[in-house]
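Asks: Hey, can you work out the whole structure from these sequences and the hints?
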Amino acid sequence: MVQIIQNKVRKIGLKYSSLSGSFFSAKSNKEVQFESSLERDFIFLLEMDWIIESYHEQPVTIYYSDSEGKQRSYTPDFLFYWHPRFASKGAKPLLIEIKYKEDLEKNLSIYNPKFKAAEEFCEKNGYEFKVLTEEDIRTEYLENCKFLYRYKKNTFDHRHPDIQLILKTMCDLQCTTPRELIQVCAREKYKQMELIYYMWYMVSINIIRCIWEQPLTMDSAIWLDELYENSYLK
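Letter by letter, the sequence shown follows residues 1 to 234 in my numbering.
Just so you know, the hints here were simulated from the structure itself, not pulled from any lab data. C-beta: ideal position from N, C-alpha, C; glycine also. Mixed in with the good hints there might be a few duds.
[To be verified] List of simulated lysine-lysine pairs, DSSO-like, C-alpha gap at most 30 Å:
no., residue 1, residue 2
1, LYS92, LYS152
2, LYS92, LYS114
3, LYS189, LYS153
4, LYS92, LYS30
5, LYS124, LYS152
6, LYS101, LYS116
7, LYS89, LYS130
8, LYS130, LYS30
9, LYS152, LYS168
[Stated by the list, open to error] Pairwise CB distance ranges, derived in the manner of DEER restraints:
no., residue 1, residue 2, range
10, LYS89, TRP223, 18 to 28 Å
11, HIS160, VAL184, 55 to 65 Å
12, VAL184, LEU19, 40 to 50 Å
Replies: Spelled out as structure tokens, the structure:
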């Protein structure tokens with residue numbers, strides 16, 4: 001398999017027809033550029049999904065010949081690599097194209113040769129190719145990712161007394177809610193407000209688990225990830 005680990009191959013310029021810009025990646029510790037608000041939203045998913053080890057925007061340019069024999073080029077939007085735990089089970093890196101559904105349906109005949117070239121490239125190099133639309137990206141899961149990303153951007157020492165307090169309380173309660181957890185941890189309102197921030201941070205990095213596909217509130221079900229249940233209390 002050919003590893004594609006490089007800077008983006010095509011510079012993303014300012015566009016007036018759609019939203020373009022950059023996004024600071026906590027996962028990659030660098031600015032990631034996007035060409036539309038839909039691409040920006042997809043970056044939130046890449047950032048927050050712990051089973052994705054790394055990702056790159058505009059990762060490779062694929063050259064192919066059209067039906068008339070003319071050489072064409074195509075640059076997919078993203079490439080991401082799975083966490084080693086999943087890659088070892090045969091999960092292949094994914095080359096991703098982001099399209100709005102209306103655009104995809106309207107211009108499918110134009111895009112099909114590009115997508116076919118991408119599929120052939122992936123088959124030869126051990127990747128998979130997928131096209132995603134707003135129906136795949138803009139879900140309740142995305143809303144939770146956006147909410148929790150503000151907490152994940154920070155880094156805290158897991159030996160911090162407040163984090164240890166939350167861990168110990170989570171071990172005692174096992175399955176609980178954010179509201180109950182904070183109320184059990186502290187009675188004073190000011191202290192509860194401090195603990196809420198640490199709690200959401202712990203949810204954002206999956207020390208505390210929740211159902212990401214459902215609306216996340218103070219009454220959502222949460223529980224301690226089994227990988228952390230003992231390790232952080234030693």
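Asks: Could you run down the list of hints and mark each one as holding or not?
Replies: Now for the hints, and whether the structure bears them out:
1. With a CA separation close to 26 Å, the supplied pair LYS92 and LYS152 stays within the 30 Å bound.
2. Of the supplied pair hints, the one linking LYS92 and LYS114 holds, its CA atoms being roughly 20 Å apart against a limit of 30 Å.
3. Of the pairs offered as hints, the one joining LYS189 and LYS153 holds, with about 25 Å between alpha carbons and a cut-off of 30 Å not exceeded.
4. With a CA separation close to 24 Å, the supplied pair LYS92 and LYS30 stays within the 30 Å bound.
5. Straight-line distance between C-alpha atoms of LYS124 and LYS152 comes to about 36 Å, which puts the hinted pair past the 30 Å bound.
6. The straight-line distance between the Cα atoms of LYS101 and LYS116 is roughly 18 Å, inside the 30 Å bound, and the hint therefore holds.
7. For a cut-off of 30 Å, the pair hint linking LYS89 to LYS130 stands: about 19 Å separates their Cα positions.
8. Between the alpha carbons of LYS130 and LYS30 the distance comes to roughly 25 Å, so the proposed pair stays at or under 30 Å and holds.
9. Note on LYS152 and LYS168: the hinted pairing holds, with a Cα-Cα distance of about 21 Å set against a maximum of 30 Å.
10. Between LYS89 and TRP223 the beta carbons are some 24 Å apart, a value that agrees with the proposed interval 18 to 28 Å.
11. At about 18 Å, the beta-carbon gap between HIS160 and VAL184 misses the expected band of 55 to 65 Å.
12. Under the hint 40 to 50 Å, the C-beta atoms of VAL184 and LEU19, about 43 Å apart, fit the expected range.
Of the hints listed earlier, those the structure fails to meet are numbers 5 and 11, in rising order.
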